[in-house]
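Each protein sequence line maps, in turn, to chains A and B.
Using my numbering, read the first sequence as starting at 1 and increasing by one per residue.
Using my numbering, read the second sequence as starting at 1 and increasing by one per residue.
Because the hints were derived from the structure by calculation, they are not lab data.
Please note: incorrect hints may appear among the correct ones.
The following label-pair restraints were derived from C-beta to C-beta distances [claimed, not checked]: (1) B:23 to A:90: 47 to 53 Å; (2) B:188 to A:90: 31 to 37 Å; (3) A:49 to B:80: 46 to 52 Å; (4) A:68 to B:186: 27 to 33 Å.
Within a straight-line C-alpha distance of at most 16 Å, the following computed EDC-like cross-link-like pairs (lysine to aspartate or glutamate) qualify [unchecked claim]: (5) A:90 to B:15; (6) A:90 to B:189; (7) A:36 to B:163.
In this text, a Cβ means the ideal position worked out from N, Cα and C, and glycines have one as well.
Here is what each chain is made of, one letter per residue.
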Amino acid sequence: MAFAPLDPVLHNQLRLAIVSLLVGVDSADFNFLLDKTGATRGNLSVQITKLKDAGYVAVKKTFKDNYPNTRCSLSPKGLKAFESYVQAIKDYFVPAEG
Amino acid sequence: MEQELSPTESLKLIETMIGQAKSSFSRMSIYFLMWGVLLLAAMVTTYLMRDTGGSWAHGAAWGIAGVLGGIASPIIGFRQGKKEHVANPMDRVLGWIWGAFVITMLLMMFSFTGSGRNPGAAITLLTAMPTFLTGQVMRFKPLIFGGLLFWVAGVIMFFSGNDTVIVSVYCISMVFGYIVPGILLKRQEDGLRTA
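Input sequences plus hints: build the corresponding full structure.
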């Protein structure tokens, strides 16, 4: 049985964590993602940019109490990619036929 | 967070993160505490003034409590909204539940008082529903218990003709349905914030 290749954008611990967090919410800001993933600011910023470039995450930069505020939400393309990734992962657990 | 993931690790990570996001509710304890104290004070004041002041005094305590809470709630909501780090869809659901409750409660108040009936028991019964649902959505047992308590209290108040019993049952339900869950919820919220 051949396994479907895993999406390289999502098959990364931090990027998968970000997308998994965004699946359950409407939107989340940078500090929320930082707190929940335990990543460094620099690394988180880099991975969010990669997800944004892939079209998986929409990033909105605003100001909140005079401080820059980055708010992220999962795009429809990101949701579809996430669902395909979960399905592909599940296939690894299905016993091979024959 | 850069090492290669196995399928098992991927699924575990997804499960953990989705769980964390779903449990990130807005701070709601302030509403239960504030309304619990305001409504308890209104009931006690009304009871203590039952022999003085006439009917206007009975309505005044509830009116003052309603106006204070009605002004404070949207202000608190607006200020909290500016501070929230995450927009959880369940927060929106809870907002609609409580919004529908307020509309129904106001209509019941006008209908009951307009037809010369006391709306206390009916509103207590009605209060049970959003409290119970909030507890279920948040998986917070003290609020589930609070909802059940309001249902029991509403039925007792409906059938009891004794003022002291009605006031006592209402105060107990307000303390254990709103105030105590509010205190416990605040502790949980503070714990999550500092964790």
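Evaluated hints:
{"no.": "1", "hint": "B:23 to A:90: 47 to 53 Å", "in the structure": "violated, 24 Å"}
{"no.": "2", "hint": "B:188 to A:90: 31 to 37 Å", "in the structure": "holds, 34 Å"}
{"no.": "3", "hint": "A:49 to B:80: 46 to 52 Å", "in the structure": "violated, 30 Å"}
{"no.": "4", "hint": "A:68 to B:186: 27 to 33 Å", "in the structure": "holds, 30 Å"}
{"no.": "5", "hint": "A:90 to B:15", "in the structure": "holds, 13 Å"}
{"no.": "6", "hint": "A:90 to B:189", "in the structure": "violated, 35 Å"}
{"no.": "7", "hint": "A:36 to B:163", "in the structure": "violated, 52 Å"}
Violated hints, in rising order: 1, 3, 6 and 7; the structure is consistent with all others.
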